[in-house]
Amino acid sequence: MTATMTPYRPRQQAGRDSFAQLLHAEWTKFRTVSGWVIGMVVAALAMIALGLFPAGAADIACQSAGGPASHGKACVSPVPSGPAGEPVTDSFYLVGRPLTGNGSITVRLTSLTGKYPGGRASTPGGQPAMIHGLQPWSKAGLIIAASTKPGSAYAAVMVTGSNGVRMQYDYTHDIAGLRGAVSSASARWLRLTRSGPTITGYDSADGVHWTRIGAATVPGLTAAARAGLFVTSPLHSRITSDFGGSSGQIMPSVATGTFDHVALTGAWQNAAWTGRDVGGGGNYSEQLTGGKYRQAGDRFVVTGSGDIAPIPAGHEYPGPPTVTVEQHLIGAFAALIGVAIIAALFVTAEYRRGLIRLTLAASPRRGRVLAAKAIVAAAVTFVVGLAAAVIAVTAGVAIARSQGFVIYHVPALTVVRVVAGTAALLAVTAVLAVAVGVILRRSAVAVAVVIVAIVLPYILAVASILPAGVGEWLTRLTPAAAFAVQQSVPAYPQVTAIYTPANGYFPLAPWAGFAVLCGYAALAVGVAAVMLRRRDA
Amino acid sequence: MSLAAGDALRAEWTKLRTSPGTIWLLAGVTVLTVALSTAAVAATSCPAGIACPADPTRLSLTGVEFGQAVVAVLAVLVISTEYSTGMIRVTLAAMPHRGAVLAAKAAVLTGAVLAAGAVAVLGSALAGRLILPGQGFTAARGFAPLSLADEATLRAVAGSDLYLALIALLSLGIAAIVRDSAASIGAVLGLLYLAPIIAHALLASPHWYNRIQRYAPMPAGLAIQSTAGLAHLPIGPWAGLGVLAGWAAAALLAASITLRLRDA
Chain A
1 MTATMTPYRP RQQAGRDSFA QLLHAEWTKF RTVSGWVIGM VVAALAMIAL GLFPAGAADI
61 ACQSAGGPAS HGKACVSPVP SGPAGEPVTD SFYLVGRPLT GNGSITVRLT SLTGKYPGGR
121 ASTPGGQPAM IHGLQPWSKA GLIIAASTKP GSAYAAVMVT GSNGVRMQYD YTHDIAGLRG
181 AVSSASARWL RLTRSGPTIT GYDSADGVHW TRIGAATVPG LTAAARAGLF VTSPLHSRIT
241 SDFGGSSGQI MPSVATGTFD HVALTGAWQN AAWTGRDVGG GGNYSEQLTG GKYRQAGDRF
301 VVTGSGDIAP IPAGHEYPGP PTVTVEQHLI GAFAALIGVA IIAALFVTAE YRRGLIRLTL
361 AASPRRGRVL AAKAIVAAAV TFVVGLAAAV IAVTAGVAIA RSQGFVIYHV PALTVVRVVA
421 GTAALLAVTA VLAVAVGVIL RRSAVAVAVV IVAIVLPYIL AVASILPAGV GEWLTRLTPA
481 AAFAVQQSVP AYPQVTAIYT PANGYFPLAP WAGFAVLCGY AALAVGVAAV MLRRRDA
Chain B
1 MSLAAGDALR AEWTKLRTSP GTIWLLAGVT VLTVALSTAA VAATSCPAGI ACPADPTRLS
61 LTGVEFGQAV VAVLAVLVIS TEYSTGMIRV TLAAMPHRGA VLAAKAAVLT GAVLAAGAVA
121 VLGSALAGRL ILPGQGFTAA RGFAPLSLAD EATLRAVAGS DLYLALIALL SLGIAAIVRD
181 SAASIGAVLG LLYLAPIIAH ALLASPHWYN RIQRYAPMPA GLAIQSTAGL AHLPIGPWAG
241 LGVLAGWAAA ALLAASITLR LRDA
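Residue numbers (my numbering), protein chains in the order written: chain A, 1 to 537; chain B, 1 to 264.
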């Protein structure tokens, strides 16, 4: 008697090999290990807690003469914000007249000089000696502003200390004009014309041949604009690098501009020129007089101090205590360590228990196993990291505001980039850890490699005694470049400040820096794929 | 008892010596420390005409910040490998006095790290001595070539070696408590590397900044490398190393207690 035996074939066989099944298998492995799930939650909580700590621990304290010490908002004088919402400095000396409609103003500048107390004191502890000289961004020129309220919209053409002629408008915009310094031998002619809300700036070396520098639309410009000659000069800062840090010495400065050949066309109100310090004026003293002008015919000698510029973020710049969005994401470093551990274990645990042989037997195409593991690790990390980043930023901003900090206003899209970029940074770290785990197979070494590769260069760049130039190269070439994605505030060439990684300014553009980390991760994944295929499990 | 201690030492020494990764990790401590130190001094210059108030000794010992990670890996593996392979049960069956096992591990590890660390810090100091004068750190400008005859330099160099040994003990203690190698190394590197980052984020609150510089293991311990501007440091060189020693002692104490209380 014979019977035909039909071999048993499970019905789900078809489709078993699909990538979705593989992903599902890896996801099941991940979520059923309670240690990893708890680890992810701990990483997220650590990220939030650490991120909120600096804002919560800060104490803005001040003491008025004879009075009790106050804290927080009471100590922070209001900071003007520009048309885009960013904090700005807006103080200068203006010799102006109302401009009620369209019109133009032309002027010749024959000299720009300045001084500041930047020398050595003649007696120990005495007043520093006065130095005759300009700051790189001392400014003298023409301005048309919506009003004299600090932070109002404006457009201006100016001669600068060492940056030639510039047209600037609404604080953050800066266009270069003629190069070179101004002197009686090489005078500079400047012109601003207004047509409706549009202001155009021109410069000329001889008053005959004119070049258009640029045009700006100043939306807040109403009929009664303030316009005229202005002079301002920013703080002189001298930075000395110290043992393991740098400290700055900040001194006021004044600049004096000599204008003549003032010519007006259009709807200028028939009033006398009036001089005034706009925005509180500069820091004048007995040795550093300013905030004044002298007129002889159509020749004006104007002395002013201050600046019309955005305030850069960074702790080494004088001014109000500002906080940037990314300062609440410092906890990403703690999360990064947790992610590196879990993602490496996601691979190395299989090697330790021998599960990898089963995994590879079930799915012989080894590259796909690696891809599935990387995708699951990255996806879980991204979701958890995004949630933690959103909470840290939201709560951090609220805490910092209640403490009296000025939140550095940036466009909403920039905040999205910083938050999503931080989550993506953690996700790519997870991919790197998976790949390094496959290459090294030993969890301790893999975790150490990932953490050291990303965190150590950052520490060396930001918190070490290495010079700033080294820090810039480290944040260009190493995986730590990725933290550029967290930089929310732009570096302003038209404001002298310390734009170094230590101050939160990275040499690469946000996504370019992120791409560096992605490059390392891609390289590691490539090596891991080859090794996974070649080696026995 | 003394015989037992000797046996424990010899057993741990044999394990460390014959474990395949040890020699590579010890070589890694030396090579990576000297490499980063050399790169740091080569990348720092003191151009003429500019005051360079840097600390050349500390700069030359920058590599310790890298080398300590390798030391931590070695120290973690000394104990976590025993847990992952189950060897710990054999070890503790053979030597039921668990405190003695931990002490023997600590002693053997300290010896190995001190030896590799000595080569690492001496190599780093030598690199500084040879390279720095060419970078503008000349005697004419007040920077004498690095020399161990100088008391402060000797303290920084020898202290950096001690620093590495203390990091090994701290890592050993943490790993004995945590047991899992990946979690242990993550905990150790987090404890070390997060402190300077958080301190930097707290520059605006000097109170907290100084606290971290004084009490966190890495910033406090590395104070031993300072040879200039000591009056401005949040914590003195030996006091700082003492703080790290306190961390290491606390970790080992907690480890010996948990080792005694828990099943292996």
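Note that these hints are calculated values from the structure, not bench results.
Don't be surprised by glycine CBs; every beta carbon is placed ideally from N, CA and C.
Hints are supplied without guarantee of correctness; some may be wrong.
Chain B regions said to be covered by chain A (calculated; three or more residues, Cβ under 8 Å) [said to hold, decoys possible]:
(1) 59-70
(2) 77-85
(3) 111-122
Hints and how they fare:
| no. | hint | in the structure |
| --- | --- | --- |
| 1 | 59-70 | holds (count 6) |
| 2 | 77-85 | holds (count 3) |
| 3 | 111-122 | violated (count 0) |
Hint violations for this structure: number 3 only, all remaining hints satisfied.
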